[in-house]
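For the record, the sequence lines run as chains U and B.
Just remember that the numbering used here sits 982 ahead of the position in the first sequence, which is counted from 1.
Just remember that the numbering used here sits 21 ahead of the position in the second sequence, which is counted from 1.
Straight-line alpha carbon distances no greater than 25 angstroms define the calculated DMTMM-like cross-link-like pairs of lysine to aspartate or glutamate that follow:
| no. | chain 1 | residue 1 | chain 2 | residue 2 |
| --- | --- | --- | --- | --- |
| 1 | B | K105 | U | E1085 |
| 2 | U | K1151 | B | D108 |
| 3 | U | K1195 | U | D1233 |
| 4 | B | K105 | U | E1177 |
| 5 | B | K277 | U | E1085 |
| 6 | B | K37 | U | E1112 |
| 7 | U | K1133 | U | E1188 |
| 8 | U | K1240 | U | D1226 |
| 9 | U | K1151 | B | D114 |
For the record, the hints were derived by calculation from the structure and aren't laboratory data.
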Amino acid sequence: MPYLEYILAMGNFEYSIEAHNLRKDFSVSESGKGMMGAVKALFSSKKRAVHAVESVSFSIKPGEFVGYVGENGAGKSTTIKILTGILVPTSGEAKVNGIIPYENRRANGMNIGVVFGQRTQLWWDLPVRETYEMLRHIYRIPQDTYADMMKKLSASLDLGPLMDMPVRKLSLGQRMRCDIAASLVHRPQVLFLDEPTIGLDVLAKENIRTFLKEMNRTEGTTIILTTHDMNDIEQLCKRLIILDKGRVIYDGATEDLKSRFVHDKIMEVEFHERVETLVGIPEVVVVSSSGNKMRLKFQNGNSGIADAISRLASLYSIKDISVREPSVESIIYSIYEKTTLLPKYKDKG
Amino acid sequence: MNPSTFIKFASVSFQKQVTYRFDYFVSVLNGFLYVFIFTSVWKVIFAKSGASGGFTAESITTYAVMAMVIRISFSMEDTAIANKVRDGSVAIDLIRPVSFYMMNLAECVGYSAFHILARGIPILIVSALLFGVHLPLEKLPVAALSLTMAYLILFMLNFATGLLSFWVIEIFPFMLLKYGLINLLSGGIVPIDFFPASIRPYLALTPFQGIFYAPAAIITGHVSNERALVMIAEQVAWVAILAWMCGLLWRAGQNKLVIQGG
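In isolation and in its complexed conformation, chain U is listed as follows:
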């Protein structure tokens, strides 16, 4: 009775998604080099354990829109696959809507929508419309509920012209719109998006972002988004979880990332004449200079940046000045690169 637990779990629960000390090891057999290595591997294969996910804990409340980022191989996709019931964790525990996904894969499947940007869940040889018909059967959606949802999805993702096209003739952007719709026809409470904007042009990305924001707002869908595009994160995700080598290294508001980890601001200054070095403003460091222009880094100290600018203006003749905050992308990049040292992240688990 896989659905019994699903029915029991239908009530309210505090968290949509809970992960507790998740760990996933893969064993990889290593074969030596060349032909001899291959022959040797036939008889004795060295197994090496790869920790795709070391220890991941977080909990996500209903209706949250969370960005889940990390470098390639950090363990993002593996976590998503555990939460969707595809992979069984080596240890630890996960719950999605109160259901343990890898023990009740099918019951969990009723509640969740999944988009893998690099794969399609549409039936390759069939017209798009047929996929939705299939899904109506699979999720046992009543005809009127289905018609309502399809009308809504079709309008906001502009699916009308695509409905009768065979999936293999769709462009990547079209396919992604159809795939996202396919993940939502059964009105899942939780939506997993694994790189849904990969390879899309700016306009297509923007359309998808607008749509996702809308779904999250109107349907209250909990969304967990994996992406390498930090614009996705900045525009959509109030909360950000950063993963590195299978561990959570940041879990908090996307906004806070800047104030918590970035003490630097970048100033671009154009002087009236060429300036070789800056004297008398210790909190400002020259990053680069060319001609009359200079790029400066301001390190937050006791005095504010306004003070630094006014001293700069009194000492040198300035034609133009602009101040930028580093983007989330550059912050995360520097976290990966270990140029920004994270304050020790405390695991909540």
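The hints should help you fit chain B onto chain U, whose structure is shown.
Showing chain B alone in chain U's frame:
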């Protein structure tokens, strides 16, 4: 899985087959060629050495045609699971709230339904006209039961072999072994009656003769009604055993699964 979802999966798989038309014409010709080769071989053997194994020249032709028609009708995409594991698309199957086993069975049924209608039946009709096929109609209900069991046995052998791809990336050697065993021991080419009497009891301990020998022997009236019921009972037992083994394999395999390509 409810019946309407099952039918939907099967019909999608059926439709997919329709799109590959060139494949189809080649495979009809190929199937017919096999029928021709095997009936000719048996004709020569029987002309030279007389009847054996309880067959006459006529009944062995009927058996050869039926065994081949069943084989063609039981066409299955036996590399489907391995391919999906290899390219990682098995992940898509697993996000759906349906049983992986039932989904594969439904897709397999749709695939075979196409081959029954588009190849099995036309080849049967043409062969009947050219070589002569004598089917006792009163055997058909029992034969239908045997055919169903035979189909499930073959499906589950394929399913189990496919699941091995959760452990090893390259399952081709296992496939070859499976083909070899089926070709030799299933009665698809040589009826079990021609095996030495000392070996036959051991063959009965394998699921293979339940695949083509049992249904072909029953539908052609080669075996008595009592013998037919024993054979069907053996088939049912094998269906139960294989279903249990597939269940074990599937549960063990889930822990081993690696999704290729992120």
